[in-house]
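Colleague: Chains as they are written, first to last, in this note's numbering: chain Y, 1 to 230; chain X, 1 to 230.
Where hints are given, some of them may not hold.
Calculated cross-link-like contacts (lysine-lysine; reagent style DSS-like; alpha-carbon spacing at most 25 Å) [said to hold, decoys possible]:
| hint | chain 1 | residue 1 | chain 2 | residue 2 |
| --- | --- | --- | --- | --- |
| 1 | X | Lys96 | Y | Lys96 |
| 2 | X | Lys96 | Y | Lys217 |
| 3 | X | Lys96 | X | Lys108 |
These are calculated hints, taken from the structure and not from any lab test.
There are 2 protein chains.
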Amino acid sequence: MNVLLASTSTLFGGKYLEYITDEIKELYNGINEIVFIPFARPGGISHDDYTAKAKAFFEEINIRIKGLHEFDDQIEAVNNAQGFFTGGGNTFLLVKTLHEKGLMSVLKENVEKGKPYLGTSAGSNIGGQNIKTTNDMPIVYPPSFECMGLVPFNINPHYLDPNPDLKHNGETRETRIQEFLTQNDTKVIGLREGNWIRKIGNRITVEGDQETRIFEKDKEPYEIKSGTEL
Amino acid sequence: MNVLLASTSTLFGGKYLEYITDEIKELYNGINEIVFIPFARPGGISHDDYTAKAKAFFEEINIRIKGLHEFDDQIEAVNNAQGFFTGGGNTFLLVKTLHEKGLMSVLKENVEKGKPYLGTSAGSNIGGQNIKTTNDMPIVYPPSFECMGLVPFNINPHYLDPNPDLKHNGETRETRIQEFLTQNDTKVIGLREGNWIRKIGNRITVEGDQETRIFEKDKEPYEIKSGTEL
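Pulled out of the complex, with its shape left as it was, chain Y reads as follows:
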């Protein structure tokens, strides 16, 4: 497999996908057109506008982009595609749409055959086992929380360390993930912004500037360095 799952599309103060340009070039090496999956976007901008935003970045690295929403037969479009990029937004909306259109399993099959896959945020969540560690609000009810399982764990994108100054009774991110582990025995990768997961063949590593926090059932959470194999 050839997969890149990023915590975020955009670093604070940076441009869309800019911080990860070299890795994206390497991911899509030899490919000149990919399909963009805009279904996570719940509003603010249309699927067309969201696709145009991705197009602006990919033009600079000589890759054409077509939005999956533009195709009449979207299953055929996935089967014919050279590679994929799923953008962020709301994970529940993305997963509901992919399941209802019958696209989740088709996308999984195509990526497992070796077609390159890039996900950011919600697009990375669906590379994991299920969406039970998303940060998003459950604005729609999907027929299932199950995802592609391209990696044998769950991702928590935009992982955020507890803020000791916050005078507020809401749960921290760490508490939420620990609650997940009371109900599930699935490893969770707390992926800080600026970090990403890379799978080449069967080898999975975590990459980026910062350490990555790992959560496992009945274990203290621990940090791993960039480049560590998962």
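We have chain Y; now place chain X onto it with these hints.
Modeller: Positioned in the frame of chain Y, the structure of chain X alone reads:
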């Protein structure tokens, strides 16, 4: 109806339910025993320990408490109860448990007959239309997101204003609720900590120290004062 839906159980630096003691006394006026629903709690403390925590508070105001998990026939226990209190925790776990045990509709019927109901956090979420505006992580998959609908809107407990200093790409609470409104036409009450919703008969008001932020489809969010009818 006789309902109190609070944003949180505990204010920063305060004791459990302390800030809302007078309102709880008024809610349960004339009642000496209630049933506590501990099912939102995913771990950390057991249902017994969670019930004991509630018991410690209610002893001081001369109300006995029994945990719903202690009963063999929980539907009968709800039908026989004088009043209810649902504590916070994880909303997905609470809703899954209530639906699977057939308790959601039974609880609704009993509260609609006039039995007093207190909810905090996840316990307040289930007084609304559905859990699509919870802040919790979807650690389990419930058979439905639908709730009791004791009030004709949704609640966002622990409502938090955007932090302009945060260098992080996750969505603000306001953005999340706006995303909900792209997919749903249900009013959302952004209930800051220290505030609560009170329903007596058919009259619903928002109460507490702070203003409350209201979100409606195709409208700018706006603030209402304590005491305003909803």
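Colleague: Are the hints correct? Go through all of them and say.
Modeller: For each hint, the structure was consulted:
Under the criterion of a C-alpha separation no larger than 25 Å, the hint pairing Lys96 of chain X with Lys96 of chain Y is consistent with the structure, at around 19 Å. This hinted pair checks out: Lys96 of chain X and Lys217 of chain Y have alpha carbons roughly 21 Å apart, not beyond 25 Å. In summary, the hint linking Lys96 of chain X to Lys108 of chain X is supported, as the alpha carbons are separated by about 15 Å, within the 25 Å threshold.
When the structure is compared with the earlier hints, no violation turns up for any of them.
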